[in-house]
Amino acid sequence: MTATTLATTGHDAPPTARLLTVDGLAVSYRTRRGDVHAVRDVSLHVDAGETVAVVGESGSGKSTTAAAVVRLLAPGARIDSGRIDLLGHDLATASPRVLRTVRGALVGLVPQDPTVSLNPVKRIGEQVAEVLVVHGLADRRGAALEAVEALRRTGLPEPEVRARQYPHELSGGMRQRVLIAIALVAKPRLLVADEPTSALDVTVQRRILDHLDDLTSATGTGVLLITHDLGVAADRADRIVVMSRGRVVETGTPDEVLGAPREAYTRALLAAAPSLRGARRPDVGTAAGTTSGPAGTAGTTDTPSTAEDAATAPARSVPGAAHPAPPAALEVRALVKDFPLPRGGALRAVDDVSFAVPRGRTLALVGESGSGKSTTARLALRLAEPTAGTVHVDGVDVTRARGADLRALRRRLQVVQQNPYASLDPRWPVERIVTEPLRAFGVGTRRERAGRAAELLDLVALPSSALQRRPAELSGGQRQRVAIARALSVRPDIVVLDEPVSALDVSVQAQILDLLADLQRDLHVSYLFISHDLAVVRQVAHDVVVLRHGRVVERGDVEQVLARPEHPYTAELLAAIPGAAARAHATGGER
Amino acid sequence: MTRYLARRLGLAALVLWAAWTVSFLVLYALPGDPVSLMYGGESSDVTPEQLDALRAEYGFDQPLAVQYVTHLLDAVRGDLGTSVVSKQPVTTLLAQALPPTAAIAGAALLLAVVGGGTLAVVATATRSRALAGFLLALPPLGVAIPSFWFGLTLVQWFSFQLPIFPALGNQGLASVVLPAVTLALPTSAIIAQLLSRSLLHTLREPYVDTAVAKGAGRARVHLRHALRNAALPALTATGLVVGGLLSGAVVTETVFSRAGLGRLTATSVAAQDIPVVQGVVLVAATVYVLANLAVDVVYPLLDPRIVTVGRAVPTPAEPDTAEPDTATPADVALPAPRAAEDDGAAVPVGGGHDARTGGAR
Amino acid sequence: MSTIDSLTSAGASRPDGFVPTALDPDTRADDFTSTSADRFADAVREHDDELTHRGAWLTRLEDLVRRPGLVLALLWSVAVLLAAFAPSLLAPGDPLVGVPADKLQAPSAAHWFGTDQLGRDLYTRVVHGTQLTLRAALVAVLVGLLVGAVVGLVAGFVGGLVDDVAMRVVDVLLSIPALLLSLALITVLGFGSVNVAIAVGLANVASVSRIMRSEVLRVRTSGYVEASQAGGSRWWTVLLGHVLPNSVGPVVVLAAIELGAAVLAVSSLSFLGYGEPPPAPEWGALVAGGRDYLRTSWWLTTLPGLVIVATVLSAGRISRALDGDPGRNR
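Protein chains in written order, with the UniProt record's numbering: chain A, 1 to 591; chain B, 1 to 361; chain C, 1 to 330.
Read the hints as simulated data drawn from the structure, not as lab findings.
Predicted, not measured: the structure shown is a model, and the values here were computed from it.
Hints are supplied without guarantee of correctness; some may be wrong.
What the hints assert, rightly or not - Chain B is faced by these chain A residues, among others (derived, beta-carbon under 10 Å):
id, residue
1, Ser-43
2, Leu-72
3, Ala-94
4, Ser-95
5, Pro-96
6, Arg-97
7, Leu-99
8, Ala-105
9, Gln-112
10, Leu-118
11, Gln-165
12, Arg-189
13, Val-192
14, Pro-261
Said to hold, decoys possible - Far from chain B, by Cβ distances over 10 Å, these chain C residues were calculated:
id, residue
15, Arg-67
16, Val-78
17, Ala-86
18, Ser-88
19, Pro-100
20, Trp-112
21, Leu-118
22, Arg-135
23, Leu-161
24, Thr-237
25, Val-252
26, Pro-279
27, Leu-322
Heads up, the beta-carbon is just placed ideally off N, CA and C, and yes, glycines get one too.
Isolated chain A, as found in the complex (with noise of 0.2 Å):
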């Protein structure tokens, strides 16, 4: 769509064919301790046709212009000022009689979470259908007849089986183009789209949006998509729009915007985009000097292994067999998981896995749900016991070991985990969990270690300050800092990096890899790095295994897979990356 679209009309489009204007509005949340603004000022304005995209990070109100476009704002929320002229309604000031007839006809929505966004106790047919019963526009037997042919449009097959199912009997994705179904089966002039896919696998991603744009393309039907990821906006949008802490940066088509962008947030928000790091190097010394902060002079020219590094190369020809000269930091070999299920019979989640993470290196375990990568990783912290295969730490195999050996093993080898909201005793100061390994393995007198601990938040960039904080009195990144500074604590050989950043902000992920990189530079740590996230893969890891369904497709130095796929499934998730519209441009534009 964004070529054509970009091709025939350009962004001249006739005055007509406004659907959608937003003219200063405001939005805010009581809240106990006072009214907090989240939408100062934002103006903006959607052409049939058009796909507008609302760019933004957590905080930066996109989603709350987006509810209120609707007028599904939260309760608590309340609409200061401004106006929301949709077709000559104003919804900002509408009465729930106007909302009713305007909500589902003239606007749909497609809402953020498709596992929890449908109904669970109603079949799906129903559920689409309630939309023409609710505006009159079929009876009852018609309706359902239009909603299996709006379910078959989103391209999901079968849909007349489809429609006879529960929400629960769909995959993610499915679901997500069943919400598509609900909200364009009306025919409505305007879709709000609020991160459609956020929750959902890079590949089912792509196909989704793909499929949200033939769709709009060709009724006309204007887009306002909100999305985090500039990358998606660049693939897909006609306009952009960045927001931050509720007011309008920046606006303007693709070009403009990534191009050359006028403001500053834009610029950071761009350098910090994963999606949009094109060709650059994958070592972690060349991805820390990519950014702007301390790294960025040291960066550049620390190259600790070369991607023919002996250690790794052998690996991609001979796939299963990875057994580098000098023991590996950490190795796995042939690792199987089964869980029984409960009628007999047995779930394999991980199925004869085999890696090897040398020392001072990162390799990456990339896979999406499912694939069996972060049992993988539990298996390797030995937080569970694997059904055959063994896990080698400095070549000495520890499957088996126990007591004091286990104990020993946990402070060579310690974890950051995905979600830092979860991963923080709420109770404790940050000085408590930052020392909590030490104290467990009885390093230091009281005094050493509370120097240790200062020390700690001094090596991720925290402020002293912040020791006696409570988890609940700091942002996710600093959390995330807290944790790998507990993790860093009793200096182990090797880190496990569980999702360590998918939780955070585009900007606040850019910081934490950075800091990743340094202290791996640093302290000549290891990390088996988990993600689903190739864009960041690219950015931080020196080798790569590919998870799927329990077994690695592909192996071998990141430079080389990511630029020579071999097995059709990492081609795929290539692609799937969004923002290969403006990484082509950034290097045409650059270079």
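With chain A's structure known, arrange chains B and C on it following the hints.
Same frame as chain A, but now just chains B and C:
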């Protein structure tokens, strides 16, 4: 479905047996000498020789294990022993006492479901903050009012001040009204509390937003989308609610001097008539088990996510080969936990609402 | 996170393979929704910096003023506690001695709650009865919470067979209504305030242990416990440092509710006549005593009853305040 039912019935029998065992342990094993407890005491003129004779007669001179087996076999045959006070078989006493209690408990349940349910729906649906606040403040009040006091207050108003209903006795339909209202008060408060909390929670679910975004009106969203989902967790509390009615009857029937199971319990406890008390405990457990059985049967009809044994997954969500997310082992795993769920009682959603649910597992 | 991943984290602790995450739409989306909610909190926090920060206690105080119900509940609770432990301060008279000439007088300035059939001052009797009723309720809650919390903690933390057996027993106990279980215990233990307290407390063990166990399981599968284990902490450090402090919060909330429930149960049992023998002014017994004079002397039942209602309501209000306390995380 038959296998599902058979399994449920087997579990129910198991719970009954266990409840009987618990009551045996409490009533026979705990006191050491039940005979002197029942027949002795300071006001008793029973001689030690007569006590020994009674011990032999009731088998209390046997080891505890033998007594347990004897009693259990008797119970299975339908013989729950003989009342110490009235010398009548316990089963006869229970059978006589059950109908009047069932009458007030049934009426109370109806009142409580209708009253509590209406309150919850209105309180969560109204646009008036004041009305919602007022209605939502009522259930905590209902829970806090002691039913013996509420019953007496009702008598004072509606039997003495306004002589509409009889103050006591079992005569006629009118005598059911006040006891039923008394019994319904705490129950309706609990139902209202559970359902309104569940409704408020459900109304914040994203699928409710989806419904609103379709252009559905307030009533439609509330009744067609939210209520059915919100009723599910409340439904799992049925066993407790019904059991609560039974124990409430002890107080209520005492207040209104009504004959029934509750009155029988109260007098038997006072007289330390152990066989009757055990019989009542068994009845209560049976009622609880039956209520849960009913929930187990109804639940799969209301919640499609519960899969009864036999039809594992009706139509697997597999054919969408275009989407890798459907082909993951995760999806293969999905029916399994659902089936596992089915192994327990049918209490999958929002079980946290009441920690006492799911007893019949 | 995939189902498999959640199987490892949540399901592994459950021997029956019960995976709550797979069905419950809430927990299933937990990873996603919790972070997005937290993100919003973050965003709010960011904005918060622009708000003027006042002293924490001042905010607390303002909070209180905005919740007059809570203030009343707190004041009432103080009064009740005072009555329970120093009754003579509130009512210097003798609850057991009456002036026969003053019998059955309606409430007045001299006798706030009126007098009973023996001319005893009802207010004095209610105040002194607090001692019996509230202490019995406190003992009951203590018994129920202590036993229940230990059972739940052990079951949830040890898991496996221990958990299975404990929870099956709890299930069975729950099939018998609590009041009936108390009655069965009283049949055996005999009458009296202490026995009533023990019977009420023991009847609550099952429900408390269930709540405690679910809390322990929630904390046990949380990220920070896993991190602590992976970090090398010994099991008892994890138990005492993380699991116990984080799972005890809901139990404290529960304690307040249970206290109200125990007051109700204890006074119900004393109304039925299973408490202390007659002259003792237990609340339930007071209401029962007024029953014969219902037609003529309304105050004998109404006023002690209202005292019970106010006490139970206050306990409930305080427990809700504890539940929503911002200091308690989650």
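Identify every previously stated hint that the structure contradicts and give their numbers, smallest first. 1, 3, 4, 12 and 14
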